[in-house]
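There are 2 protein chains.
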Amino acid sequence: MSQQGVTPQSEDYSKWYTDVVLKSNLADYAPVRGCMIIKPYGYELWENIKAELDKRFKATGHQNAYFPLFIPMSFLQKEAEHVEGFSPELAVVTIGGGEKLEEPLVVRPTSETVIGHTFSQWVQSYRDLPLLINQWANVVRWEMRTRLFLRTTEFLWQEGHTAHETYEEAQEETLRMLEIYEDFAVNEAAIPVIKGRKSNQEKFAGADASYTIEGMMGNKWALQMGTSHNLGQNFARVFDIKYLDKKNEQQYCWTTSWGVSTRMVGAIIMAHGDDKGLRLPPRIAPIQVVLVPIYKNEEEKARVMHVVGRVADSLLAVRIRLHVDDREELTPGFKFNDWEMRGVPLRMEIGPKDVTNETIALARRDIPGKEGKQIVPQEGIIATVMRLLNEIQHGMLRQARTFRDANLHEVEDYEGLKRVADDGWALMWHCGTAECERRVQEETKASSRCFPLDLNKEEKPKDARCAVCGKPAQGKAYFARAY
Amino acid sequence: MSQQGVTPQSEDYSKWYTDVVLKSNLADYAPVRGCMIIKPYGYELWENIKAELDKRFKATGHQNAYFPLFIPMSFLQKEAEHVEGFSPELAVVTIGGGEKLEEPLVVRPTSETVIGHTFSQWVQSYRDLPLLINQWANVVRWEMRTRLFLRTTEFLWQEGHTAHETYEEAQEETLRMLEIYEDFAVNEAAIPVIKGRKSNQEKFAGADASYTIEGMMGNKWALQMGTSHNLGQNFARVFDIKYLDKKNEQQYCWTTSWGVSTRMVGAIIMAHGDDKGLRLPPRIAPIQVVLVPIYKNEEEKARVMHVVGRVADSLLAVRIRLHVDDREELTPGFKFNDWEMRGVPLRMEIGPKDVTNETIALARRDIPGKEGKQIVPQEGIIATVMRLLNEIQHGMLRQARTFRDANLHEVEDYEGLKRVADDGWALMWHCGTAECERRVQEETKASSRCFPLDLNKEEKPKDARCAVCGKPAQGKAYFARAY
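Sequences listed follow chains A and B, in order. Per our numbering, residue 32 is the first one in the first sequence, and the count goes up by one each step. Per our numbering, residue 32 is the first one in the second sequence, and the count goes up by one each step.
Next up, chain A with everything else stripped away, as it sits in the complex (with noise of 0.2 Å):
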């Protein structure tokens, strides 16, 4: 373990990213190109994200289920668009037990192919309908650049996939979907996101109509940090998805797709962390609190521990997630710092005072120096750590939204959106084409990130403009740089 600093974020972000995820051990390169290891903190920080969203599809009627790492090729060339997204990033399988295969197998990139033939198998009424699965998987997309959590050959993920009877009922489940997600960020993670339709340019390939939650990051660009899509009847058809109606007539399903994957370890990381490291919200941080014991000598440990024991005891009983750091061969000081960096919302600090006076240290994360800080009587302490988690959780998504909100920004045309593309982002009327996307991009570096679905509800006016190329306006569209 390091003592060292992370790279200020001010000074480089893209380092401070890095040191950040290495430095609290959240995860680490892996041997293999673009891969990642993710260490134990990470994974446990990644199974409270999994148990959230898990418990939220269940609740929603979803099941799970598990699909074949392995696609046939052939599967993924029979939907055009989809074939022509997924081409250039896929690992092919052409050997297998020692000897070449006849046809060459695709280590999943998503699964919409060989979950669509199993739907035919699987649907044959209407009685079968809706059918709503989610899968727990790894995938892989073989990335030219990656980045640990953000974009790495091989991620985790879920992917749920639906079939239903109408077109209303898939885009019911499409934006139900969005809406989980954005409960969980906002709820869970502390993040606020903006909902909202992809241009056609960046939809998923071979979807009708893409949804994304999209989360503002501490250098204000902006992070995709979930999407959902329907899929219109496009793999019905070519699967072959059909059910008996009530009228007792074949008609082709209509169906969904919606993901998270780990990279919501790189927005919380990013929503959230500071010069210090990382900043965990206590609803989804692995350790809650840490509890560090201060003394100076055997005497003074034994009164000290005698405290930690039944302190830690009571917290752990009403199921806190706490930690002791007991380490005979660091300084308090060290372990500050180190779970300061590691993101840990609460710190607990008794020494041997606090044992005189019935007293306890607390160091809260979210608030740096000594605002952060108190004093406590032991007494109440369990009703103390669960105000002040709650408090902290609220405090992080309260800075979060403050921060985001001071750097959206509307434009009216292009030079508007010039000055603030590289600083924030601009929310603008757009044509959706790709040649003005194209070109934002490529002069300004921003990205068209969506059409807000909360700004676009109202008609929009009949003269509504796009503010790059003035031909008519599909709607307000937010453009910024993103990851």
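Be a bit skeptical, because a hint or two may be false.
Since copy identity is lost for identical chains, a pair holds within one copy or between any two.
Unchecked claim - With a straight-line cut-off of 20 Å between C-alpha atoms, the simulated SDA-like cross-links for lysine to any residue are:
(1) K449 to D356
(2) K89 to I351
(3) K307 to S41
(4) K327 to E130
(5) K131 to R64
(6) K273 to H440
(7) K493 to V170
(8) K401 to Q430
(9) K277 to D494
If you are wondering where the hints come from, they were derived from the structure by calculation, not from laboratory data.
Given chain A, work out where chain B should sit, using these hints.
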């Protein structure tokens, strides 16, 4: 859903097995050679297995992490025995992102190599030891003959990997995890197992010693349900996993690995299933109680459903996994068969008479016919159900143990082995040599299962000789037909 039954075990055990897997909706064949699709019911069973194992791993100080799917071919080649054992079974990625890879990547068949490489970076000093890591993952082995859950090209599993200061600690860990597997098998899966050491021929490629839990299936064949390996310093030397000891001297670590896979589902099917289908132990059953409402008309339905709702709510409130089968288009008789096929431990029926009499009709899956049925008062139903689920759990274990014990035979000579090999397990003095095992396998189809730990504790008589070849015996070993 099909109302047809399964092939009787006595007619064709292998067909019975496949019928049960498919008709109970546990899994399906995948469109990729040797792979399977785990359906929601099967996956929920696997989730319950995972949760129980994971709890035990964490309680003994292990942490989960995640390592890459792909392993450079050169890593596998470092350990001679390891590569020899696994190379015939590898799936190899040769193309990534449209280009031929310089070094082919193996899809992990197991992760000793890549984790060994990582451990060499994580371990510096004795303070970093023991290092206790587990991974939940998919692995791929190109198997020639596959069978749903028992042997599939891709399967899901956990693989534990640990590093220690001494041989003794590694050996202690190896046996501790074997005991955890035994504890799970006996107390959750209701399958009595024999813990033993594998012969040299049967041990893991690269291990010093391999231990196994072996269960007896319904056709008296053996199934290896989990293994735990003492890897000695083999992988530590090859991957340079070294630590500075207290005297400041470099030492190689001692490592272990241990795993349980989706094969466990196959064990549960075969240890408990009967000609009506699956029988699931209550502690891991996705559905512990199915409640079937019975009525003939709308008036009866209203009265019955009122009570059904009340009873269901009270059981769900205490976390009993209950499902109300309120499908309209199916008869109660169809539903009874369906849930028997799917192995639900306890069935409840509530009809108009039960409403009047304030009773509930119960049917146990573990006791066929009238004997397993009873009418109980609605009052106290929570306690009644909890008691019965507990009785079923223990009853299933007892039944499996009685069956197993009746089919274990101690034999004195090769003739004795030949007599029992087709219809039970033979325990005999065994030399442990490859020649002898090969001969037995060829002539009787029985393979060496293990040297049971409990039966090899005492020092063996000096003149103990192999029942087959007459050479000095290593110990007593079980031989049996096996999957």
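Check the structure against each numbered hint from earlier and tell me which ones fail, lowest number first.
1, 4, 6, 7 and 9
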